Each structure stands twice: as structure tokens, then as C-alpha cells.
Amino acid sequence: MKMWTPGRLRIAAALLIVGLPLAGKWARPTQDRRCDLDGARIDQLFRVRILDAQDRDHEFCCIHCARLWLSRQPAAPWQVLVTDETTGAEIDAAGAWFVRSTVVTTAHTRNRIHVFQAKADAVKHAGTAHGKILTDSERPFGTAIKNSSAARQATHAPFER
Amino acid sequence: MILNAYAVLDASTALLRLLLGLAVTFLAFSLWRRWRAGLSAERQGWLEDRSYFLFLLANLLLILSVVSWPLLYLLLQSYVPEWPGVMCIYGVTQVGAGSIGSSRFLPGLLTALQMLKPALVFLAGAWFVLYLLNRRTTASALMPRVLLAVIPFGLLAVADAVTEGAYLIIPKKEEFLSSGCCTAVFDADDHVSGFFSESFSARAGPWIGEAYYVVNGGMVLALLGYILLPARRRSGGRLLPLGLGSLVTWPVNGLFLIVVCAPALLHLAHHHCPYDLLPAVPESAPAAALFVLGSFCIGWACVAAWCGRSAETAPFLGHEIGKLLRLALWGYAGSMVMLSLELALA
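In order, the protein sequences belong to chains A and B.
For what it's worth, my numbering labels the leading residue of the first sequence as 30, then goes sequentially.
For what it's worth, my numbering labels the leading residue of the second sequence as 12, then goes sequentially.
If you're looking for bench data, these hints aren't it; they were derived computationally from the structure.
All values derive from a computational prediction rather than experimental measurement.
For glycine and all other residues, C-beta sits at the position ideal for the given N, C-alpha and C.
Certain hints may be false.
[Stated by the list, open to error] Under 10 Å between C-beta atoms, here's a sample of chain A residues computed to sit facing chain B: (1) G36; (2) I46; (3) L49; (4) A52; (5) G53; (6) K54; (7) L97.
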């Protein structure tokens, strides 16, 4: 008896067509958190976290990706959290010091903006890496932070009264 | 040259393809010239015996050519960790861009390779279809055409092997990555190729999805209609709409993969890089391969109908074309089912 008759081949092909996507989905391990813009691995020292208008959490590998993602959002975010490069602590972007220097944080995006919690650390990095402390409109997430603060205040106002 | 297991495997198959391509082209040309000159029955038998060796080599070249296509992408994927600024195959394709040394040829060579591979596989398949038809004849009625078809196949295999060899040999140290990240090209609104950008996807996404199902569903129905025709009515002229339809499916399916599938399967709403699918969702590769099989089978059916016709092949040609179209039907329907399932599960 022939093992591979046309009928059996058709059944095997149909099983493969239906089974492969199911097997792929089942076999794929739960991945660690990746950048929400380009899917790259996130170095915890340069992580940016954004809480969007629907209170959903989004993580990014660097400031460049977070800014790109934010520019495509119709509503202002609730909060933008950045990581202090000196301590690794998560801080609100509104209170952070940003330095653009010659040092690249994330190779594939060429991001050169660094984040510090303390002004002294920012000044030190700017001095050693030929950087510049970003002020006013140069600061990343400027408009988004202002809008999110206004939105937060509007929401919390009734409870504060 | 970056030496890893894939590079060694790729280099050895490229070398084999180069040697086989040269041998096959030379042998096919010399046999075709003698066959054309007109032969006695005894001489024809001698030439037929010689052709067995040629076809054995051509079959081996066909297998290597088909294997070399996925192997190229596996090689490029294996190169990704070599540069810190590269995050996927797209970044590898940009290595050398803007350099002034020999590395400046690397992006061009890769573009050429990405176009040569499908052309080579199609040509190899076209030759194989004619070869199979000729094998079923008693007087080798299609022999001159089969020999003639080997020549462009062999030449293209040589060109492909030389290009691949050059890409492997050229040093990849002097790299100037204008952009190692595919987001800069596939997603950027301000980039010249930001054709697949967020704004384009938002506008075109829904109708590209609809167009994909209309075009591919239409192809499945058209193929079914042709297959259900009696064998004597399967003329070459009736295959023309199918051939044109398969050409239309290429841009539609390409757009669907980039605009709809990539963001959904990668779970990255703003990311449209098809190269990222290979490592992240490998089961999308068989779906793409099934589509390629489907459209190539229609092309091969056209080749069989237009170049395989003779008094000796007439009784079984319609049946053979039907076999190819049934395979095309499996390819189109299978690809559509697989991609739809993957999107539903994403």
C-alpha cells in the first residue's frame, strides 16, 4: 500500500496550514517587555514609560522612540516617566534634567539625549561628553508634559476641593 | 568577511552553484547547437544519452537555487548581532551605505540578490516544467526548448552565485549606517520612503485589507473555475487572465504584509517592517512561501501552455496544466488561511 496517496497528502497539507499558526502561537514563549515603537530590547537605564490618556502603560527603549510614539497620539498622556542614568530611578519627566551629548544611548535609534534627576549629574555629563543641557522648548515631551499636567489637574480638582 | 555557520554554508552553496551554472550553460549550449544541426536517429540517441548528465546537473542546480533563497535571509538574520546599531535584517541591508571603500557596493549587491533569487527560482521551475513534459514524450519533441530553457537558468544562477560571493567576500568593517533602524524608513512620515508611514497606514489600512481578500479570493475562485474546465478547453489564451491576476497579487500582498500584518503580528501598532516578522513570527514565512508557490505555479502553467505545446504533448498537456493550477490553488488558499489565522490569533 502506498503511504503518500494524493488524498493523504492533501490532508497533511491542510493540517499543516491550520496547525502551523496555532503551533507558532503556542510555542512562542512570553517575551520580555519590548519597546512599544520598534520592538527593540529595553535597557533599563534608558527606559521611558508613558501612561496614556486611557491609563495604559507604554514602555520605550529611549527618548527618541517615546517622542516619535507620542507625536502620533491624538490625546496628551497622563504621565511621562524617564529613568535617571545615575541611579536608575524612575522620575517624572517634568522634573528631569535632559542633556544632549556626543554619547549615544541606543545604537539603533542614535538617541543622544540623556536624563538626570540631579542638576549636578547633568552638568557633569555635559562637561565630560561635550553636551548641552536642554532648556525650555528644547526639552523632550515639553508640550505633552504641559498638557498632561493640565489634564491631571482638571481631573483631580473636584476631589481636592 | 564575517565567518559564521550560515556564511560558510552560503559560500559553499554559492561556489557549487557557480560551478554547476557554468557547466550546465556550456553543456546545454553545445547540445542545443548539435541538436539544431539536424541528426540521424543514431546521433540523436547519443545526444539524448549526453543530455541525462546535463539534466542531472540542472536538477541539482535547481535544488540549490531554491535552498539559497531562504538561506540568504537566514544569513542576513545571523549578521544582525554583528553591529550594535542594527536591530533587524533591514539594518544589515544598509551596512556600507555612504562609505567610500568597497563596502559601498554591499547595499546594491543585496538589492540585486533580493531580486535575483525569485527570478532564479521562477526560471528554474519553468525549465523543470518543460523538462517533465519532455520526459513524457517518446521522441523528445521538446528537447530543443528544454535545452534552450537551461541556458538562461544557468546564466542567472552564475550571476546570482557571483553576486552572493561578492557580498560575502567584501569586508563589512567600513560601515556607515545612515539608519540601522527600520522605523526610520518604514514608519517615518517625513522620509522619502515613508510610504508605509503611520498616516498612510491609517488612511489605507482598511482598504488594503479588503483589497487583499478580494484579489486573493478572486484568484482562488478563478483557479477553481479553470480547474473545473474540461482538459481540452484549457487553452493558453484562457490562462492569460490568471497570469495577469497573479501579477496583481504581488503588490497587493506586499502592501498587506507591510501595512496590516507586520503591526498586528508584531504587536507594534506603529511598526511596519516585514523583515522583523522572520525572527519574531517565523510561521508567517510559510504563509509567504505558499503565496509565492501559488503565483509561480500560475506562471509555470503559462510556460507549459505556451512553450510545451506539440503534437506529442497535446494529449496530456491540459492534465499537467491542471496539476500546476491545483497546486496554485493550494498556495493561494493556504496562504490566505494561514495569514488570517495568524492575524486572528495575534
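Structure-based check of each hint:
Of the supplied interface hints, the one on A:G36 is violated, with its beta-carbon coming no nearer than about 13 Å to a beta-carbon of chain B, more than 10 Å. Contact between A:I46 and chain B, as hinted, is supported at the beta carbon level, the nearest pair being about 4 Å apart and thus within 10 Å. Using the Cβ-Cβ criterion of 10 Å, the hint placing A:L49 at the interface with chain B is satisfied: the shortest such distance is roughly 5 Å. With 10 Å as the threshold, the beta carbon of A:A52 comes within range of chain B, its nearest partner Cβ sitting at about 7 Å, so the hint holds.
A least Cβ separation of about 3 Å between A:G53 and chain B falls short of the 10 Å threshold, and the interface hint therefore holds. A distance limit of 10 Å between C-beta atoms decides the matter here; for A:K54 the minimum to chain B is near 5 Å, and the interface restraint holds. A cut of 10 Å between beta carbons decides the hint on A:L97: the least distance to chain B is about 7 Å, and the hint holds.
In terms of the numbered hints stated before, the structure departs from hint 1 and from no other.
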